[in-house]
Amino acid sequence: MRALILCLLLAASPALAVQPDEVLPDPALEARARQISHDLRCPVCQGETIDDSNAPISRDLRLLVRERLVAGDSDAEVVDYIVARYGEFVLFNPRASGSGLLLWLAGPAMLLVGGALAFSLTRRKPKLEDDLSEDEQARIAELMKE
Amino acid sequence: MIVELGHFALILAFAVALLQATLPLYGAARRDARLMALADPAAMMQLVLIAAAFGALTYAFVVSDFSLRLVTLNSHTDKPMLYKVAGVWGNHEGSLLLWVLALALFGACAVWFGGNLPATLKARVLSVQGMIGAAFLAFLLFTSNPFLRLANPPMNGDDLNPLLQDPGLAFHPPFLYLGYVGLSMSFSFAVAALIEGRIDAAWARWVRPWTLAAWIFLTIGIALGSWWAYYELGWGGFWFWDPVENASFMPWLIAAALLHSAIVVEKRESLKAWTILLAIIAFGFSLTGTFIVRSGVITSVHSFANDPERGVFILMILATFMGGALTLFAFRASALEAKGLFSTISRESALLANNVLLAVAAFVVFIGTVWPLVAEMVWNRKLSVGEPFFNAAFPPFMILLALILPIGAMMPWKRAEIGRALRPLRGALAMALALGLLAFALQTGKSALGPVGLALGAWVVFGALTDLWQRAGRGALGEKLARLGRMGRADWGKATAHSGLGVTIFAVAAMHAWAIEDIRVVRVGETFPVGRYEVQLKEVHQEQGPNYSTTMAEMVVSRDGAEVVTLYPEKRVYPVQAMPTTEAAIDYGLTRDLYLVIGDPQEGGGYAVRAYVKPFANWLWGGALMMAIGGLLSLTDRRYRLAAGARRAPAAQAAE
Chain A
1 MRALILCLLL
11 AASPALAVQP
21 DEVLPDPALE
31 ARARQISHDL
41 RCPVCQGETI
51 DDSNAPISRD
61 LRLLVRERLV
71 AGDSDAEVVD
81 YIVARYGEFV
91 LFNPRASGSG
101 LLLWLAGPAM
111 LLVGGALAFS
121 LTRRKPKLED
131 DLSEDEQARI
141 AELMKE
Chain B
1 MIVELGHFAL
11 ILAFAVALLQ
21 ATLPLYGAAR
31 RDARLMALAD
41 PAAMMQLVLI
51 AAAFGALTYA
61 FVVSDFSLRL
71 VTLNSHTDKP
81 MLYKVAGVWG
91 NHEGSLLLWV
101 LALALFGACA
111 VWFGGNLPAT
121 LKARVLSVQG
131 MIGAAFLAFL
141 LFTSNPFLRL
151 ANPPMNGDDL
161 NPLLQDPGLA
171 FHPPFLYLGY
181 VGLSMSFSFA
191 VAALIEGRID
201 AAWARWVRPW
211 TLAAWIFLTI
221 GIALGSWWAY
231 YELGWGGFWF
241 WDPVENASFM
251 PWLIAAALLH
261 SAIVVEKRES
271 LKAWTILLAI
281 IAFGFSLTGT
291 FIVRSGVITS
301 VHSFANDPER
311 GVFILMILAT
321 FMGGALTLFA
331 FRASALEAKG
341 LFSTISRESA
351 LLANNVLLAV
361 AAFVVFIGTV
371 WPLVAEMVWN
381 RKLSVGEPFF
391 NAAFPPFMIL
401 LALILPIGAM
411 MPWKRAEIGR
421 ALRPLRGALA
431 MALALGLLAF
441 ALQTGKSALG
451 PVGLALGAWV
461 VFGALTDLWQ
471 RAGRGALGEK
481 LARLGRMGRA
491 DWGKATAHSG
501 LGVTIFAVAA
511 MHAWAIEDIR
521 VVRVGETFPV
531 GRYEVQLKEV
541 HQEQGPNYST
551 TMAEMVVSRD
561 GAEVVTLYPE
571 KRVYPVQAMP
581 TTEAAIDYGL
591 TRDLYLVIGD
601 PQEGGGYAVR
611 AYVKPFANWL
621 WGGALMMAIG
631 GLLSLTDRRY
641 RLAAGARRAP
651 AAQAAE
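Going down the list, the sequences are from chains A and B.
Start counting the first sequence at 1; every next residue gets the next number (this note's numbering).
Start counting the second sequence at 1; every next residue gets the next number (this note's numbering).
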């Protein structure tokens, strides 16, 4: 099933991705370039990072990323530079601002809601016969403090 | 002729499904035994008819009948036989036929193994199965008919996509579909129980094996797909958070939650409404996955609008079944009275926490998958959600889950103390921390990912072993071992599956943290270092395969001067589809895979070569396999084999 989509998105690209002639001589800079291109989406393929993609435009983008890095841009500046030209579509890591914040907060919010519901489920029950009532427990807590 | 018979059988199956969907349901409401009894032969007949249709299509592929449109588009006479057969489901129409075949198979299994179900429940379950079958058979016949003929058959076909011509992928869809469709059984049981208005321990005992089976198939299917991506796509990635992958992962997560909450219903008659809801949602995600993959909606809202017929049809199926089931749930859920009470710290609560975490994790995957769609529809923004988001948003829930798993697994029912549950786990905790620190000391770099992954994985694995050891009771070593041997398969299954999760967590972290990659131009005869290995490109030559031509490299890998292995990476071209594929050469090992890829010849001479050392890659598939085996052990536990239908007081059962 997944294969069917994958075959579509890979139809033109047997995953050659980063070519040796693109690699920067400075390993630290190259590592940053790889990190950045892992988060950028190839604009013409489907669901591939420019790091994995074999499309010519991805090669152009990889070279552009390295060009900006060599020119001394910070990682964020490089990404801004690319996004300014190709739109936020190329960002695989959607920005956690504005409406994007909803996406990032959805999971934790859901956990809070789910956790609260689950907790109330364990509390809502009629108490077990051998349980102490809340008053009794409060009384014990007081006694313990003394 | 055979093809026409297949086509006819499919239409007949649709008619039978319509009968199966209505008459037994009506019969159950009227307590009419004859109408209810119709469900059995109808379900069997569906299996026979759909199997006949599937056989006819397979036959057309095997003999390369190019008068059939589907065969022309997806097959070729030069293709090896395995891929001619796999070509049956390597396309939209055929894969849907496989979908309904799996559905019919599960329906028939309900007849075979459901002898001791109450008559009304069985009739209702089979009716709901019939509804699902009718919906998908209609979808197949009206929008995606695999049996369409061509007026002018060509001399030869267009071939199956070369990437799909691979054993791993030939078997990936059948497993995945058995998993997706297996969840329809849980759904049918849930809906039937809502109609009946009664859910008890016996119901949970009937529904859990189906969920377990579906989950096992999903586990194997997902692992096969991931393994295929690892060795076939040429850069050793194993998970891409692609929408289509997510489509199979969401039902897996929910099914995992469901088979845990069903334990609570079975043992304690609690969490009933929640379990029913999970069963509905699990199948909902199966349908959503089918919708995502089959409609093309994820590509873009626009590509969906261009060819809306199929997408809208599945969306209608999804809306009907989810809407119907959830409405029923809303009316009936309040009638599901919980019997077993439990306190905030107890096995029940731990399983509830497991459920909340798995459900939230599935929700995060879901929202990330559909977010680009939402953004385009609501704000008209075209954006992407990919690996970096999922890698940041998904793992926290899994980490929490892994942290509480060993503790929760050792808690007693009803009421527990964290301190008492933790005490036997001190050894596991110390071991996990020590291993994590050791990994941190040994690794180069300061990344916490590897050590944390190792510590977490070890915590889960040693926790599972501790649990097993505790279960063996007190006494001399011999006695404990004897008791271990006599222990039920459910206990062994639990330990195996949980350990598998731990192993998988470790392997994922290791692959992300410690992989070594090298990309360079290499001339024939040259040697270059990768990690602790030296790789020599010895020679490159051309060869001819059955339906492709290949550029094959001979590369010798050595370590400290001693030869380790000679590998032959290839770059193939399949002329019919004019498509190149990379065939990575992999030396599988216990602690690392050596992964070599040969690329294009370079202008200045030499070849582009990519070399990887992938640490603990085999542990990833091993972990998934352990989870599947654990599920299988649990599925074959005595209480399912013998007492599948016995209505016994749950309290009388030994603890899980």
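Worth flagging that the hints you see were computed from the coordinates, not collected in a lab.
Be aware that a few hints might be false.
To be verified - With a cut-off of at most 20 Å between alpha-carbon atoms, the simulated SDA-like pairs for lysine to any residue come out as follows:
no. : chain 1 : residue 1 : chain 2 : residue 2
1   : B       : K382      : A       : P27
2   : B       : K382      : A       : E134
3   : B       : K446      : A       : G87
4   : B       : K446      : A       : P27
5   : B       : K382      : A       : S99
6   : B       : K414      : A       : S120
7   : B       : K382      : A       : G87
8   : B       : K446      : A       : R34
9   : B       : K538      : B       : D560
10  : B       : K414      : A       : F89
11  : B       : K382      : A       : V44
12  : B       : K382      : A       : D39
13  : B       : K538      : B       : V524
14  : B       : K446      : A       : E30
15  : B       : K382      : A       : G98
16  : B       : K414      : A       : E134
17  : B       : K382      : A       : L112
18  : B       : K538      : B       : V556
19  : B       : K414      : A       : F119
20  : B       : K414      : A       : L117
21  : B       : K382      : A       : Y81
22  : B       : K382      : A       : S120
23  : B       : K414      : B       : V556
To be verified - Per label pair, the in silico range of CB-to-CB distance:
no. : chain 1 : residue 1 : chain 2 : residue 2 : range
24  : A       : A109      : B       : D587      : 28 to 36 Å
25  : B       : K480      : A       : L29       : 33 to 41 Å
26  : A       : D75       : B       : R483      : 38 to 46 Å
27  : A       : D26       : B       : T527      : 22 to 30 Å
28  : A       : F89       : B       : P154      : 32 to 40 Å
29  : A       : A141      : B       : G419      : 51 to 59 Å
30  : A       : R95       : B       : T636      : 20 to 28 Å
Said to hold, decoys possible - Residues from chain A that keep clear of chain B, each with C-beta distances beyond 12 Å, as calculated:
no. : residue
31  : V18
32  : E30
33  : D39
34  : R41
35  : I57
36  : L63
37  : L64
38  : R68
39  : A84
40  : L91
Don't be surprised by glycine CBs; every beta carbon is placed ideally from N, CA and C.
Verification of the hints:
1. Under the criterion of a C-alpha separation no larger than 20 Å, the hint pairing B/K382 with A/P27 is inconsistent with the structure, at around 34 Å.
2. The hinted pair formed by B/K382 and A/E134 fails the criterion: a straight-line CA distance of about 54 Å is larger than 20 Å.
3. Restraint check: the Cα-Cα separation between B/K446 and A/G87 comes to about 34 Å, which exceeds 20 Å; the hinted pair is violated.
4. Of the supplied pair hints, the one linking B/K446 and A/P27 holds, its CA atoms being roughly 17 Å apart against a limit of 20 Å.
5. A C-alpha spacing of about 13 Å is found between B/K382 and A/S99, which places the hinted pair at or below 20 Å, so the restraint holds.
6. Among the hinted pairs, B/K414 with A/S120 is consistent with the structure: their alpha-carbon atoms are about 16 Å apart, no more than 20 Å.
7. With a C-alpha separation of about 8 Å, the suggested pair B/K382 and A/G87 falls inside the 20 Å cut-off, and the hint holds.
8. A hinted pair counts as satisfied when its Cα atoms are at most 20 Å apart, and B/K446 with A/R34 qualifies at roughly 18 Å.
9. The hinted pair formed by B/K538 and B/D560 meets the criterion: a straight-line CA distance of about 18 Å does not exceed 20 Å.
10. About 51 Å separates the Cα atoms of B/K414 and A/F89, which puts this hinted pair outside 20 Å; it is violated.
11. This hinted pair checks out: B/K382 and A/V44 have alpha carbons roughly 13 Å apart, not beyond 20 Å.
12. For the hint linking B/K382 to A/D39, the alpha-carbon distance of about 16 Å falls within 20 Å, and the restraint holds.
13. Straight-line distance between C-alpha atoms of B/K538 and B/V524 comes to about 6 Å, which keeps the hinted pair within the 20 Å bound.
14. The suggested pairing of B/K446 with A/E30 holds, with an alpha-carbon distance near 19 Å, which does not exceed 20 Å.
15. A distance of roughly 15 Å separates the Cα atoms of B/K382 and A/G98; the hinted pair therefore holds under the 20 Å criterion.
16. Simply put, B/K414 and A/E134 have alpha-carbon atoms about 19 Å apart, close enough for the 20 Å limit, and the pair holds.
17. With a C-alpha separation of about 30 Å, the suggested pairing of B/K382 with A/L112 is violated against the 20 Å cut-off.
18. For the suggested pair B/K538 and B/V556, the alpha carbons sit about 7 Å apart, so the restraint of at most 20 Å is met.
19. Using a Cα cut-off of 20 Å, the hinted pair B/K414 and A/F119 holds, with the two alpha carbons roughly 15 Å apart.
20. The hinted pair formed by B/K414 and A/L117 meets the criterion: a straight-line CA distance of about 18 Å does not exceed 20 Å.
21. Distance check on the hinted pair: B/K382 and A/Y81 sit about 18 Å apart at the alpha-carbon level, within 20 Å; holds.
22. Restraint check for B/K382 and A/S120: the C-alpha separation of about 40 Å exceeds 20 Å, so the hint is violated.
23. With a CA separation close to 61 Å, the supplied pair B/K414 and B/V556 exceeds the 20 Å bound.
24. Checked against the hint of 28 to 36 Å, the C-beta distance between A/A109 and B/D587 comes to roughly 46 Å, which is inconsistent with it.
25. Roughly 59 Å separates the CB atoms of B/K480 and A/L29, a value that falls outside the hinted 33 to 41 Å.
26. Our hint of 38 to 46 Å for A/D75 and B/R483 is violated, since their Cβ atoms are close to 58 Å apart.
27. At about 24 Å, the CB distance of A/D26 to B/T527 agrees with the hint of 22 to 30 Å.
28. For the pair A/F89 and B/P154, the beta carbons lie near 39 Å from each other, so the given range of 32 to 40 Å is met.
29. Taking the beta carbon of each, A/A141 and B/G419 are about 19 Å apart, not inside 51 to 59 Å as hinted.
30. Between A/R95 and B/T636 the beta carbon distance is about 50 Å. The supplied range of 20 to 28 Å is therefore violated.
31. The beta carbon of A/V18 sits about 6 Å from the closest Cβ of chain B, which is not more than 12 Å, so the claim that it is off the interface is violated.
32. Remark: the non-interface label on A/E30 conflicts with the geometry, its nearest Cβ contact in chain B lying 10 Å away (cut-off 12 Å).
33. For A/D39, the shortest C-beta to C-beta distance to chain B comes to about 5 Å, within the 12 Å cut-off, and the non-interface label is violated.
34. Some Cβ of chain B comes within 12 Å of the Cβ of A/R41; the nearest lies about 5 Å off, and the non-interface call is violated.
35. Non-interface status of A/I57 relative to chain B is upheld: no Cβ of that chain comes within 12 Å, the nearest being about 15 Å off.
36. Residue placement check: A/L63 keeps its beta carbon more than 12 Å from all beta carbons of chain B (closest about 15 Å).
37. Every CB of chain B is more than 12 Å from the CB of A/L64 (nearest about 18 Å), matching its label as outside the interface.
38. Chain B leaves A/R68 outside its interface by the beta-carbon criterion, the shortest separation being 19 Å against a cut-off of 12 Å.
39. Residue placement check: A/A84 keeps its beta carbon more than 12 Å from all beta carbons of chain B (closest about 15 Å).
40. Listed as a non-interface residue, A/L91 fails to keep its Cβ farther than 12 Å from every Cβ of chain B; the least gap is roughly 6 Å.
Hint compliance for this structure: hints 1, 2, 3, 10, 17, 22, 23, 24, 25, 26, 29, 30, 31, 32, 33, 34, 40 are not met, and every other hint is.
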